[in-house]
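Peer 1: In case you want the letters, here they are:
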Amino acid sequence: MIGKELQDRIVADVSGDLSPTESEQLFHELLKHPEARQLHIRLQRDRDALRNLPRLTADPALPNRILKLLPKQKPIIQLASKPGTARTFPKNHWVGLALGFSAAILVACAAWSLSDRGRPTVAVQSSDEPKPQAVATPKPVEKPAPELPQSNGPEFVLTQPEPAKSPAPKTDPNPVTAKKTKEKSNDVLTSPAIVRPLLSEVPKPRISLPLSAAEFATTAGRNSFRSELSRDTDHRLEFFTSDPIRLADELVRFGKSKSLPIVVETLAGDALRRKTPRTQFALYVENWVANDLATQVRQMAQDKRFETMVLAPLAESDRRELRNLLGQDPLENGSEKRGKTETKSSGAAQPNVSGFLTLNPPPKLPSLPKDQMSFWSRRFERSPGKLRLYLIIRSL
Amino acid sequence: VSSDDAKLIQQTLAGDRSAFGNLVRKYQDRLFNVAFRLVGHMEDAHDVTQEAFINAFESLPRFQGDAQFFTWLYRIAVNAAISRQRKRRETVSLQQGGRPDKPLPEPFDESFDHQPGDALERRESDQRIHAALQQVAPDFRTVLVLRDLEGMKYEEIAVALDLPIGTVRSRLHRARLELRSILEKTEAEVPRV
Chain A
1 MIGKELQDRI VADVSGDLSP TESEQLFHEL LKHPEARQLH IRLQRDRDAL
51 RNLPRLTADP ALPNRILKLL PKQKPIIQLA SKPGTARTFP KNHWVGLALG
101 FSAAILVACA AWSLSDRGRP TVAVQSSDEP KPQAVATPKP VEKPAPELPQ
151 SNGPEFVLTQ PEPAKSPAPK TDPNPVTAKK TKEKSNDVLT SPAIVRPLLS
201 EVPKPRISLP LSAAEFATTA GRNSFRSELS RDTDHRLEFF TSDPIRLADE
251 LVRFGKSKSL PIVVETLAGD ALRRKTPRTQ FALYVENWVA NDLATQVRQM
301 AQDKRFETMV LAPLAESDRR ELRNLLGQDP LENGSEKRGK TETKSSGAAQ
351 PNVSGFLTLN PPPKLPSLPK DQMSFWSRRF ERSPGKLRLY LIIRSL
Chain B
1 VSSDDAKLIQ QTLAGDRSAF GNLVRKYQDR LFNVAFRLVG HMEDAHDVTQ
51 EAFINAFESL PRFQGDAQFF TWLYRIAVNA AISRQRKRRE TVSLQQGGRP
101 DKPLPEPFDE SFDHQPGDAL ERRESDQRIH AALQQVAPDF RTVLVLRDLE
151 GMKYEEIAVA LDLPIGTVRS RLHRARLELR SILEKTEAEV PRV
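Going line by line, the protein sequences match chains A and B.
Quick note: the first sequence, position 67, residue 67 per my numbering, numbers continuous.
Quick note: the second sequence, position 124, residue 124 per my numbering, numbers continuous.
No wet-lab data here; the hints were simulated from the structure.
Hints are not guaranteed to be accurate.
Subject to a maximum C-alpha distance of 27 Å in a straight line, what follows is the list of computed BS3-like cross-link-like pairs (lysine-lysine) [unchecked claim]:
hint: 1; chain 1: B; residue 1: Lys87; chain 2: A; residue 2: Lys68
hint: 2; chain 1: A; residue 1: Lys72; chain 2: B; residue 2: Lys26
hint: 3; chain 1: B; residue 1: Lys26; chain 2: A; residue 2: Lys68
hint: 4; chain 1: B; residue 1: Lys185; chain 2: A; residue 2: Lys4
hint: 5; chain 1: A; residue 1: Lys72; chain 2: B; residue 2: Lys7
With the rest of the complex left out, here is chain A:
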């Protein structure tokens, strides 16, 4: 049973909402919780399947069809010569509005002046007098009022310091002039809403990708592996297997088949030869090609060489482990230019190497520095764009 809180974090991780630290923490929890791990894997698979759905193309005749169906009249807009006057309406609407408005003002003025209630405060009010109720809450606007038809109501427009309701258009429909219009206001209350700029493109945090061998049989599983692999050149790859000897042996053979031999540390070599069960290995390799690796992992999954694997970005802690493994950090220390083989002073050809296999954790043996030296002295020149991998083979 998966708790609600854990489930929430799993979904958030799949949606890319967790920070790298939170993802890492979740990853460790998932290792202890098989059911939750399954959910995580499945949700990731669903997400990848959605992302990989084929892109369809619309009917090529669509633009022509749409253009035929568009209303004959162009969108009602006249490019504004000055802000606030951009929106116009068909003339007949204006005529009606103008007539109605003028008539209403005339009637109101007449009624006001005929009544014996004193002078019309709205019409002649000076700015220091208290405002009447009708204009108690004026909305000051930064934009000039639109070009309304000139009404016959004499002082109304002129003496009103701030019109109670300005029929100014809400927006400038022209996207170019609209922005300019907005910038003019300095009034906090009346300035247009601040449109927050979209957050700049933030690179998606890299997270651990656990995949079972069965998932490599699906396109979605393989695609997610490939896509994660293509995001960087440095990765940590952790295999969980019931036969670590065979898996380590295959990886060493694979390196050799690609002319990228691996130095096998003495004790690890013994374990391989004797097929010591439940041995755990750590392997550092470089110059591996992503495609070759993906094919090899797929093949190993097909052959059931491992149960689960986890692909993760190479973290600082991994680099510490690599320093422990190799005596120094291979990511910091570039290799010297070397050819495919180098001839020793003795005359025997020593193939260059691009990996180092040892036990996990590395044994505290006097032979270790010697083996490490063998790696450092025969290391290939690293090709940019090729992979640097820290592989850990764990026994189940």
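Chain A is fixed; fit chain B onto it per the hints.
Peer 2: Structure of chain B alone, referenced to chain A:
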């Protein structure tokens, strides 16, 4: 708004229809894809795309230019898709022998995968996902489509759907779980060989 879009919009507003045609050409495929995943039918998706563009043309003067043109177009398309689905439900419930509310098989790009086995497997997987997606509640489905298929950011989805970002996040959360639950049911129904 990108400068290209702003220019095309300005030209359209000035009465140049071919400029709007260029906008249609530029965005028709993306909009059609979204529409198809939302409504589930090719014909409806074409109708929704067409309707969205026509509505966009009519509403272009109201476009303020403070969001991406395509985000704004999404909103129109999503509204058109919702209204299309509503109409479809009404039609199906009235017509007893009407077309069942089951998505038609979609055409696939056969050249995507050259290996016959892989192509077949992929096609099946795509069909299963598409069918399951159609069963997800429309509100959730929309967010899922915009996020996973279109790769939109939360902020963009929030603008496109006129929702707070928190709501987008929670809908996406529920959508993922709902889709998983639907797929689990489907997987359980598939006879194992």
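Peer 1: So, for every hint listed, does it hold in this structure?
Peer 2: Now the hints, each set against the structure:
Annotation: proposed proximity of Lys87 (chain B) to Lys68 (chain A) holds, straight-line Cα distance about 25 Å (limit 27 Å). Pair hint Lys72 (chain A) plus Lys26 (chain B) holds up; C-alpha atoms about 22 Å apart against a cutoff of 27 Å. A hinted pair counts as satisfied when its Cα atoms are at most 27 Å apart, and Lys26 (chain B) with Lys68 (chain A) qualifies at roughly 18 Å. Straight-line distance between C-alpha atoms of Lys185 (chain B) and Lys4 (chain A) comes to about 21 Å, which keeps the hinted pair within the 27 Å bound.
A distance of roughly 21 Å separates the Cα atoms of Lys72 (chain A) and Lys7 (chain B); the hinted pair therefore holds under the 27 Å criterion.
In the structure shown, no violation is registered for any of the earlier numbered hints.
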